[in-house]
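Enquirer: Okay, here's what each chain looks like letter by letter:
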Amino acid sequence: MSYSPKIGVWLCECGGNIGDVVDTQKVMDEIKNQVQFVKRERYLCSKPSIDTIKEIIKNEKLERIVLACCTPKMHRETFLKNVIEEGINPAFLEIVNVREQCSWVHKKDPEGATLKSLDLIKGAISRIKESKELHTKQMHVTQEVLVIGGGVAGITTSLRLSEYGLKVHLIEKSPSIGGHMIQYPKVFPTLDCSQCILTPKMASIAQSSNINLKTYSEVKEVTGSPGNFNVKIWVKPRGVDVEKCIGCGECSRVCPVEAPSEYDERIGKRKAAYIPFPQSVPSVYTIDFDNCVRCGLCAANCPREAIDLNDEGKIEELNVGAIVLATGFELFDLTNLVNYGYGRYPNVITSLEMERILDVNGPTGSQLIVPKTGRQVKSVVYVLCAGSRDTEVGQPYCSRVCCLYSMKQAQLLRDRGVDVWINYIDIRSPGRRYEEFYRLTQEKGVNFVKGKVTEIEPNGEQVLVRSEEMMLNKMMENVVDLVVLSPPIISSEDTAKLSEMLKVPIDEDKFVLEKHPKLDPVATKRDGVFAAGAVIGPKDIQSTTAEAEGAAMKVVNFLGMARIIEANKAYLARNELCDGCGKCKKICPESAITIVEDKPVFNEITCSGCGACIPECPQNALDQEGLTDIQIQTQIKGILNDTKAPLKIIAFVEKEVVYTAIDLAGLARLSYASSIRIIPMPSLARIKLEHILYAFSYGADGVMMLEAPIHEGPYGNAHKISEERAEEYKWALEDYEIDSSRLWYSRVYVPDWRKLERIFNTFHEMVESEDPIEGNQRGKILKNLLKIKD
Amino acid sequence: MSSENSGQILKINAENKEFKEKIQDLSGEKIDLCFQCGACSSGCPMVQEMDYLPSKIIRMSQLGLKEVLSSKTIWVCTTCFNCEVRCPRGIDIANVMEAIRQVVLRQKFDKVNIDMLTPEELRELPQIAIVSNLRKLTA
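These protein sequence lines are chains A and B, in that order. By numbering that gives the first Met the number 0, the letter at position 325 of the first sequence is numbered 324, and the numbering carries on one by one without gaps. By numbering that gives the first Met the number 0, the letter at position 28 of the second sequence is numbered 27, and the numbering carries on one by one without gaps.
Please note that a few of the clues may not be correct.
[To be verified] Within a straight-line C-alpha distance of at most 27 Å, the following computed DSS-like cross-link-like pairs (lysine-lysine) qualify:
hint, chain 1, residue 1, chain 2, residue 2
1, A, Lys219, B, Lys107
2, A, Lys449, B, Lys29
3, A, Lys25, A, Lys172
4, A, Lys377, B, Lys10
5, A, Lys443, B, Lys65
6, A, Lys172, A, Lys136
7, A, Lys172, A, Lys502
8, A, Lys473, B, Lys71
9, A, Lys53, B, Lys21
10, A, Lys443, A, Lys172
11, A, Lys377, B, Lys71
12, B, Lys71, A, Lys443
13, A, Lys449, B, Lys21
14, B, Lys29, A, Lys451
15, B, Lys16, B, Lys65
[Stated by the list, open to error] Beyond 12 Å from chain B on every Cβ pair, some chain A residues (computed):
hint, residue
16, Lys25
17, Lys268
18, Glu316
19, Arg465
Keep in mind the hints are simulated off the structure, nothing from the lab. Using N, Cα and C, we set each Cβ at its ideal position, and we do this for glycine too.
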């Protein structure tokens with residue numbers, strides 16, 4: 000390096016917190032020849048000290064700043080803000096943690112603490128010399144959103160986004176929005192009329208100028224990348240011009256064909272020219288070409304000439320920044336469960352069919368009858384878990400809402416004097432006002448029987464239901480007019496197709512996988528794609544709406560945030576070395592890499608900066624902004640060169656979870672060996688074999704890799720990759736005649752901070768007990784490394 | 000629980016419903032509210048002397064099973080009200096026990112003739128049995 004920047008170093012004594020243990024004068028004496036300026040402060044974070052820093056930067060024309068003080072998690076942002084004001088680029092500020100990592104944990108070893116502080120500062124100085132300016136970037140993000148699915152989740156998200164001012168494209172596969180919710184006459188636990196509360200929202204969708212509603216349409220293809228997706232929409236042949244149709248219904252009146260009504264769960268009928276239900280949005284008719292006989296009566300009678308029986312559908316293209324999946328659920332096919340006789344016995348129906356029967360405008364005209372026989376219903380058995388919580392023939396999970404909707408239906412039936420029995424395994428009614436709802440159901444005289452129904456058989460015009468009465472240890476036979484089954488709520492097949500198109504992983508149960516099941520529940524594993532409602536698992540309307548509101552906020556956040564791209568991305572540093580093998584693309588946990596013309600292209604929004612791709616490159620062609628190989632190497636060299644410490648251990652630690660645990664160990668004043676010298680990393684998948692070899696060649700006696708747990712670390716799978724790599728590195732060390740036990744790998748949870756004392760001391764003692772690594776052996780490694788470089 | 004009856008199949012009909020309503024009317028308790036948590040039984044000081052646990056008496060009453068009438072439990076109950084205090088659903092189980100006893104008593108069937116009892120037997124007999132014996136005429 001010919002150019003040598005002007006570096007200033009400040010040491011904080013933190014009252015006595017640092018100064019009482021670390022000999023700051025000695026540290027200053029040792030480094031004053033290496034930099035332009037050194038100063039000691041009693042409290043570096045105090046306003047006068049910060050003002051002094053700013054003044055000295057100006058007067059001394061300092062270019063790069065090293066602050067040795069407390070953990071960067073404490074005051075880094077404050078220091079950064081102030082040095083930026085003096086024109087220092089964020090890349091040119093290094094914080095050295097000499098409180099949590101030195102004085103607090105090496106109280107009993109002040110000499111070791113002093114040597115360690117000195118080494119860490121030296122490491123920072125040599126690293127900062129290699130730093131390059133970093134600039135955040137701005138990227139164009141389409142300020143439009145695609146919402147897939149027009150049920151209560153999609154409706155809520157779309158309305159919220161349109162209120163915010165974003166352009167929304169709402170895609171629904173059936174002729175009207177409304178989803179399953181519009182099929183329910185009443186909803187628990189308030190027993191309000193769901194059509195009364197949903198219809199106004201549906202009307203708002205139709206009226207919002209920000210919402211482009213596409214019903215009877217499906218997503219065909221999704222390309223592009225987060226922030227800039229290209230979507231092809233297949234508008235199915237509807238036979239009716241959506242713009243011209245005024246919803247007068249002339250076509251339906253003259254249509255001679257009848258078909259089962261999907262809205263009425265195929266109990267009732269509709270015409271082939273139809274509107275699913277009177278409040279449909281849009282209020283536009285549809286020709287069902289599967290059943291249409293093409294008689295032409297509808298077209299002849301349409302006053303607006305809106306009907307085109309030769310409609311072939313069309314493809315429309317959209318460009319959106321973000322996507323919300325709100326495709327909801329389907330019901331498990333109960334004909335698979337032969338013992339219940341669904342499909343064979345007319346008086347065995349699904350709960351969704353019962354919803355329609357209970358509707359005043361339902362297919363039975365609000366009469367309580369068995370739809371297929373017309374027989375009056377005076378007694379009903381509800382079969383809960385008709386396939387749910389069953390790993391053998393049904394679904395392993397609890398469908399979550401069956402207890403409550405069955406109780407709701409039971410109450411409605413009790414109000415009409417019907418005898419109701421609910422057979423359950425467990426009654427699950429957690430949730431606000433839900434236990435109260437259970438009590439109310441009991442108060443209304445609904446009979447609860449603990450015992451899962453397994454046999455249903457015809458009994459004259461009735462059915463006989465067999466179950467155990469588990470409370471009394473007896474078998475029970477109940478003869479009733481109607482059986483209502485609660486089938487498992489399952490993810491739809493369309494969701495599986497969409498998830499493939501969107502590159503969004505689904506779980507074993509086929510529901511969309513959340514980015515984090517607790518802390519990021521409405522984001523998917525792919526950036527820019529969010530999800531809400533039953534597409535992430537069975538749930539009630541209340542939770543669905545809450546998720547829908549959350550997903551809207553996530554979209555707003557994403558479209559706003561994505562414009563600023565942090566300067567921590569992987570990039571192709573040595574273009575000429577890359578042979579386009581694609582290994583980086585394969586390993587990337589975020590799918591941020593595409594290979595274009597035999598070279599990797601990094602999506603800067605998606606790249607999380609985990610660093611996993613860099614060691615993967617067999618050609619050594621990749622690098623990372625703000626954390627280049629040369630920065631890591633010089634930091635290791637700076638820490639280890641000319642140190643007087645008897646034993647040196649380099650500990651690479653994950654910078655969020657593990658670093659926090661180490662800070663906590665400091666806060667608790669645990670005491671571990673001062674040989675441990677910590678270098679933070681985004682994930683340990685960033686560590687190359689050469690970094691470990693450099694450490695040994697420059698004088699390390701041991702190297703530690705302390706990784707975050709896979710589910711708790713910020714970079715997910717990257718934290719997994721490092722484990723496999725560490726195994727390989729151990730083997731590789733043996734080639735250099737270094738015992739593999741000198742490389743330590745383990746995972747640390749934040750609450751594990753107490754264990755750190757033991758981990759550090761155990762490793763220290765282990766390394767201490769080994770014969771020292773000879774100087775010529777270290778030289779050999781270094782020579783080898785330099786040869787590789789050439 | 001009496002396991003010898005487990006082979007018997009429960010069939011619930013109009014008679015059961017009628018009997019259940021009778022117990023509800025006599026006791027004034029909403030026995031439908033019971034969700035079989037078992038708190039009444041676990042707090043009862045007399046369970047060792049009972050053939051059916053108090054919680055099972057309630058369950059049988061919910062189903063309108065007339066076996067409760069011949070149970071020992073209803074006579075062993077001391078009406079100490081511990082069950083009532085502990086019930087999370089606010090059912091006064093002792094009231095239900097009393098209602099069932101009343102159904103039996105209203106049959107006016109003499110099981111014991113006090114006049115025929117020896118002074119020793121009178122000393123041994125639980126008080127409630129003696130009181131009930133007199134009450135059958137007034138119940």
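Enquirer: Hints first: check each against the structure and report whether it holds.
Expert: Quick rundown of the hints versus the structure:
1. A/Lys219 <-> B/Lys107: 81 Å, violated
2. A/Lys449 <-> B/Lys29: 19 Å, holds
3. A/Lys25 <-> A/Lys172: With a Cα-Cα distance of about 74 Å, the restraint between lysine 25 of chain A and lysine 172 of chain A is violated, given a limit of 27 Å.
4. A/Lys377 <-> B/Lys10: 17 Å, holds
5. A/Lys443 <-> B/Lys65: 23 Å, holds
6. A/Lys172 <-> A/Lys136: 38 Å, violated
7. A/Lys172 <-> A/Lys502: 20 Å, holds
8. A/Lys473 <-> B/Lys71: Measuring from Cα to Cα gives roughly 20 Å; hence the hint holds.
9. A/Lys53 <-> B/Lys21: 89 Å, violated
10. A/Lys443 <-> A/Lys172: Roughly 40 Å separates the two Cα atoms, so the pair is violated.
11. A/Lys377 <-> B/Lys71: 36 Å, violated
12. B/Lys71 <-> A/Lys443: 31 Å, violated
13. A/Lys449 <-> B/Lys21: 24 Å, holds
14. B/Lys29 <-> A/Lys451: Roughly 25 Å between the alpha carbons, so the hint for lysine 29 of chain B and lysine 451 of chain A holds.
15. B/Lys16 <-> B/Lys65: 11 Å, holds
16. Lys25: Nearest chain B Cβ is 70 Å from lysine 25 of chain A, so the label holds.
17. Lys268: Fine: 37 Å to the nearest Cβ keeps lysine 268 of chain A off the interface.
18. Glu316: About 57 Å separates glutamate 316 of chain A from the closest Cβ of chain B, which puts it past 12 Å; holds.
19. Arg465: With a cut-off of 12 Å, arginine 465 of chain A comes too close to chain B, as the shortest Cβ separation is near 9 Å.
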